[in-house]
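Engineer: Please put together the full structure from these sequences, using the hints given.
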Amino acid sequence: MTDHDGAAPRSPDEPWWYSGPPHGAEPPPAESQGSQEPGAIDWMGMLAGAARMVDWARGAVLDPHSEHADPTEHADCMICRTLVVVGDQVGMTPGADGPPSAPPSAEAPEPDPIRWIPLHDR
Amino acid sequence: MSRIVIMAGVGGAGTTSLVDATVRDARSTGASVRSIDAAEPQRSLALDLSALVSATIGSMAVSSGADRLAPEAWASLPGVRILAVLDEMRRACLEEDVVVVDAGSLVTLRELLELPHVLLRLLDASLTPRSAMARPDSGALFDSLSEARLQVLHLQSVLTSDSTSVRLVGRAEADGIDPVVAAAGTASLLGLTVDGVILARFPRRRDGASDRVRKQARRVEAVLQAALLHVPVWRSSDRPRSAPKGRAVLDVLAPANAVAPLGEPVAAGDGYRWDLRMPGEVAQRVRAGTQGGALVLECRGVHRWLELPAVLKRCVAVDGERTEGGLSLRWVPDADVWPRADREERGVDD
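Listed in order, the protein sequences are those of chains A and B. Using our numbering, you'd call the opening residue of the first sequence number 969 and step up by one each time. Using our numbering, you'd call the opening residue of the second sequence number 130 and step up by one each time.
In short, the hints are calculated from the structure, not lab data. Any given hint could turn out to be false.
[What the hints assert, rightly or not] Partner residues aside, some chain A positions facing chain B, computed with beta carbon under 7 Å:
id : residue
1  : D1080
2  : I1082
3  : L1087
Please read these numbers as outputs of a predicted model, since none were measured by experiment. Backbone N, C-alpha and C define an ideal beta-carbon position, used for all residues, glycine too.
Structural biologist: Listed below in structure tokens is the structure:
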């Protein structure tokens, strides 16, 4: 996992979403916590965590997906897999160049063959 | 609903003279009568239909990348002319008591009767969720197709009304039998009642016809009458006769003989029986099958699709019998969609 905020490298033991001080670091001085009351929500910490999630998603999912032209060829990509599943549900595959296009005739289901009934004379 | 008589005949039989006689005799009853010539439908109506075709087939072509064409470009398609005849019939029914259609040849008659069925199959196949969602601008096309389907259904209801019938004009010659019998079968299969066959220019002694020719003509008349049971076959001569002796020209001259289900399926044995009415000649030649939720009937290359009753959509057709009055089809529950029947058959308790 890449750390994008320029902070010190993190320990491999720390989860990617952890926004607290690095393991083994000195606790921050009391004034750095401002006037926050004990037990209050740490808004700044949550924002920093959210920013890390977005960065992670961009780096791990969106950037690789931007190079995928045909979703059916990238089963290991979460977005491609979702697009294929959703496309199958609605009966069409989204095109790579914008709005969904008409399905080629080969994708329309073949008509059932006629099952002829044996007829006898009374 | 107005009385509609559709007339058609073998080449050279004198169909137009008999159409004129039918119109004249109908007017003599005091009814208002419109005569329609299938060879010359009103051009203005044909143009309206061109706009409809342009909005449906044309739009489908455009959505596949084709260039757009002006509505007039579609007017000369053969199907559009037939559609114009059907639409002229529909409009005439709103204004007149009687409508007499001169379909001309038996080929044109078949096109006239078959076109609504074909269009409905095509439109039903086009009106799918896939086509509705395939393009962002497909809403207008979908609406046009839905509107076209309603209009075709209306045309078909005019054709298959109880007050619509087909009268065929034949010649009292050996090679004139099969075309008339085939046309009668096609009309019945497509849901119309055939209520008369007129043997035009029937040879008479007073016209100098030989005994051999008159004998052959009587034999043709007998064969036709036997093939088309309950349908009156009558002779016409230099003086065209629009109806058999003792009958009024506007009567429906024969009992209903259009192919149609005889009510709902009935329980029989371990399944169901479903009877269909059809003339003997059709019953002898017809093939029956199932496709999706429909019963398919085929006779002489003409197909008709009948929606299956709900219960039979969950059954499998086993076999059928050709009866005096038509077909009797036998069905058993489909174990794949009727698991209870399957379990009971195998003796498995719930």
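Engineer: So, for every hint listed, does it hold in this structure?
Structural biologist: A quick look at each hint next to the structure:
1. Interface hint at D1080 of chain A: satisfied, since its Cβ lies 5 Å from the closest Cβ of chain B, which is below the 7 Å cut-off.
2. The criterion of a C-beta within 7 Å of any C-beta in chain B is met by I1082 of chain A, whose closest approach is roughly 4 Å, and the hint holds.
3. Satisfaction of the interface hint for L1087 of chain A is found here, the shortest Cβ-Cβ separation to chain B being roughly 5 Å, below the 7 Å cut-off.
This entry satisfies every hint, going by the numbered hints stated previously.
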